[in-house]
Amino acid sequence: MNKIIEPSSAVDKIFSGQTLMVGGFGLVGAPLTLIEELAKRDVNQLTILSNNLGEPGQGLGLLLRQRQVKKAVGSYFTSNWEVGEAYNQGFLEIELMPQGTFAESIRAGGAGIGGFYTKTGVGTELGERKEVRVIHGEKYLFEPSWRADVALIKAYQADQMGNLTYHKTARNFNPVMATAADYVIAEVDEIVACGQLPPENIVTPHLFVDAIVQSRRMLTREGVVDR
Amino acid sequence: MNKIIEPSSAVDKIFSGQTLMVGGFGLVGAPLTLIEELAKRDVNQLTILSNNLGEPGQGLGLLLRQRQVKKAVGSYFTSNWEVGEAYNQGFLEIELMPQGTFAESIRAGGAGIGGFYTKTGVGTELGERKEVRVIHGEKYLFEPSWRADVALIKAYQADQMGNLTYHKTARNFNPVMATAADYVIAEVDEIVACGQLPPENIVTPHLFVDAIVQSRRMLTREGVVDR
Amino acid sequence: MNTLKEVIARRAAAELEAGSIVNLGIGIPTLITQYVPPDSIFFHTENGLLGVGALEPNDYDPLRVNAGKLPVGELKGASYFDSAASFGMIRGGHISVAVLGALQVDAQGLVANWAVPNQNIIGVGGAMDLLVGAKKVIITMLHTTKNNQPKLIASCTCPVTSIRPADLVITERAVFRRLENTWYLTEILEGNSLDTIRRDTAFAFDILLNFRERKERPL
Amino acid sequence: MNTLKEVIARRAAAELEAGSIVNLGIGIPTLITQYVPPDSIFFHTENGLLGVGALEPNDYDPLRVNAGKLPVGELKGASYFDSAASFGMIRGGHISVAVLGALQVDAQGLVANWAVPNQNIIGVGGAMDLLVGAKKVIITMLHTTKNNQPKLIASCTCPVTSIRPADLVITERAVFRRLENTWYLTEILEGNSLDTIRRDTAFAFDILLNFRERKERPL
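As you go down the protein sequences, you meet chains F, E, W and L in turn. Heads up, the first sequence stops at 227 in the numbering used here, and the numbers go up one at a time, no gaps. Heads up, the second sequence stops at 227 in the numbering used here, and the numbers go up one at a time, no gaps. Heads up, the third sequence stops at 219 in the numbering used here, and the numbers go up one at a time, no gaps. Heads up, the fourth sequence stops at 219 in the numbering used here, and the numbers go up one at a time, no gaps.
It is possible that part of the hints are untrue.
Derived EDC-like pairs (lysine to aspartate or glutamate); straight-line CA-CA distance at most 16 angstroms [to be verified]:
no.	chain 1	residue 1	chain 2	residue 2
1	L	K69	F	E55
2	W	K69	E	E222
3	L	K135	E	D182
4	F	K40	F	D12
5	W	K135	F	D182
Chain F residues, not near chain L, derived (Cβ > 10 angstroms throughout) [as the list claims (entries may be wrong)]:
no.	residue
6	V28
7	N44
8	Q66
9	R147
10	R171
Hints are computed from structural coordinates only; laboratory data are not their basis. Even for Gly, the Cβ is constructed at its ideal location relative to N, Cα and C.
Whole structure, please, built from the sequences with the hints as guidance.
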């Protein structure tokens, strides 16, 4: 039951062709250590669910640059110009979703909800070819839930059992992704003894977490550096 | 912007014929002060969304006994035998939902989701006359979201702005109900200064809360007593 | 009567693997906590607590209860969450085992445990969600009704709780496992005979005593 | 150019009522924080913070950012939450006002602010959710394109963001309000004339200067 493992062991669980969820809003709250470890591997043809694909050559941008990513599913790829380039050159498929629909479809996948109806996107290009249903007198779009083979998430503290807390806006997509994959790896800044996290303040209970990795890289004012 | 009001002013917002959400798992985490205040009023024909209808003559059981409730929507009314009696005598309509579907439909109402698909209830009496849809190869039932005119919830601490934290299993349905009504009244045990609740530990952000009431009644080993 | 229920609970406890996440229904399942090594199992209660522990006399809190509304303790590493999150865990497949009581279990593995014909249907609770969502469902029940009628029957006469079949039935007399759509009697509890089990069991079953679960591929 | 954007931001700030919950899009809306009295407005950012404050020089945290990924401060009473909860607030109608930039707004009130024809569609962010969910939508934008072409037009040529019309458009020249499916010019900003506004506005509008919003029933 020891969940604490090395980054290199953690990414052993990831295989070419799999679907991965990766937390973070840009580089904020992204599991940078795990991503860089994955970049050392001969693992490719990945489908990545993440709000963005990092920045050029950083975070998930590193996997993109190394052509490890087959398809990206998320809401805002504009901030890494290499995404548009890879897309134009035919190296990358993109599935674009409104950010709220993206977050909700992952939350649904983790909560055993097959799909849901949202008003977001009705009558827009992103809503084309999607089922419209009138509920309570208003139009909604059907959106199916998403799950992944592996989730790479970033938290602030973990106890030894895998209970997690998050730091400020580094929380973002991490808690929902923790619920929606068959294998969940949490990269954390601090590992504390069991019982150190107050039961009412735990954001991700340990039953969602399969492995815990101590972070070695961090985001600072100067960019990504060693801890 | 002062949200702190007296219980009697709070229930002034409740009118006959309205739909109310009321937090609590039995009496645990139920807004006992607000319920007793409402029991003093000539307000009836209420539709109540709550997991239970309290216990005989206690909590929501008091409103039932006074025939203020027209319809109950929830998952487990068995623990108050007067519910079955009122139902048999034709004084009470009941809409029964699986507990997870009940919680999720309220969460959906609060999150702008028109409806969702759950596997729960497929092929059962509670699933009869509900739409079945196959998603990802499995059968799911459609469930519409629920909202209410007013939510009466119970929290542990509030700051002056209305940020809330909860105590142990008294949390239950309260945080989701806080999101799903037009007017939300939070009964709390302690009111603290703004800034006293750590930003990462707030469970219900203040934007959900319209009014805060200091609790006067509490559940103990000996039953419901004055604080 | 209590003794029989304790026999069932003790036998069910032996099915739970260390480290697993287990939700216990009310009734017989609640007794299981007494028979597991301390801290080895993480008990989940759907009203919002992971890490249910034994109630320590000096740690009573009326606002910390299980799904049966009984006061409980909390283990180190426990966490609290709201009901929507809790049922997300259940439906989302994050609970290893649900141990539930039942009125009837039938030849197809279907479970009836929430309603009785011709009585008011006014309570279901979390039963349907747990049956649908838990990775493994263990039913604990007395082998027969008070009138010695079988509760393991050809087809449920009470309303079923789910279309998802149970994986295991444990009574005070026997253990039945469902493998590839067939019920197997895998264990006869001490003091019982195959003959009386056959007599009081109304669903068809094969016999596979000395069964040992192999992780890779059952059977 | 900056000055014009500041004019727009200052005017938009005056529309925000004390105590309201406001989400600011990137670009011009972000400038609004400078023009509201301290602590009077609760700024929500969809990446998971309610209570965005000015960044204090000695309180820099690279992991506390707004939706534009710029570092921000936090006010007393701030709270953090995950992205699913944050968009629940947005879609669920818990945001009083969204102030957004736009490429175009048309006669029907429709807004285009996420994509340009014949360019890759690779980013949408939270724009569609905010337009659908906020109780009131204020569009802040320059009145015309760099080539002096109208951006307030008969019918959007860029892909629309939602079927929900905007409530207010604020440019460096004018304020337009949408009341009962009609655009009204309700204010001409200092140094501008009705004639030039007419010339550079390609959607039909009525004139209702000296408009004062009445809470009970607009118009």
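Verification of the supplied hints:
{"no.": "1", "hint": "L:K69 x F:E55", "in the structure": "holds, 12 angstroms"}
{"no.": "2", "hint": "W:K69 x E:E222", "in the structure": "holds, 14 angstroms"}
{"no.": "3", "hint": "L:K135 x E:D182", "in the structure": "holds, 13 angstroms"}
{"no.": "4", "hint": "F:K40 x F:D12", "in the structure": "holds, 11 angstroms"}
{"no.": "5", "hint": "W:K135 x F:D182", "in the structure": "holds, 13 angstroms"}
{"no.": "6", "hint": "V28", "in the structure": "violated, 5 angstroms"}
{"no.": "7", "hint": "N44", "in the structure": "holds, 21 angstroms"}
{"no.": "8", "hint": "Q66", "in the structure": "holds, 19 angstroms"}
{"no.": "9", "hint": "R147", "in the structure": "holds, 15 angstroms"}
{"no.": "10", "hint": "R171", "in the structure": "violated, 5 angstroms"}
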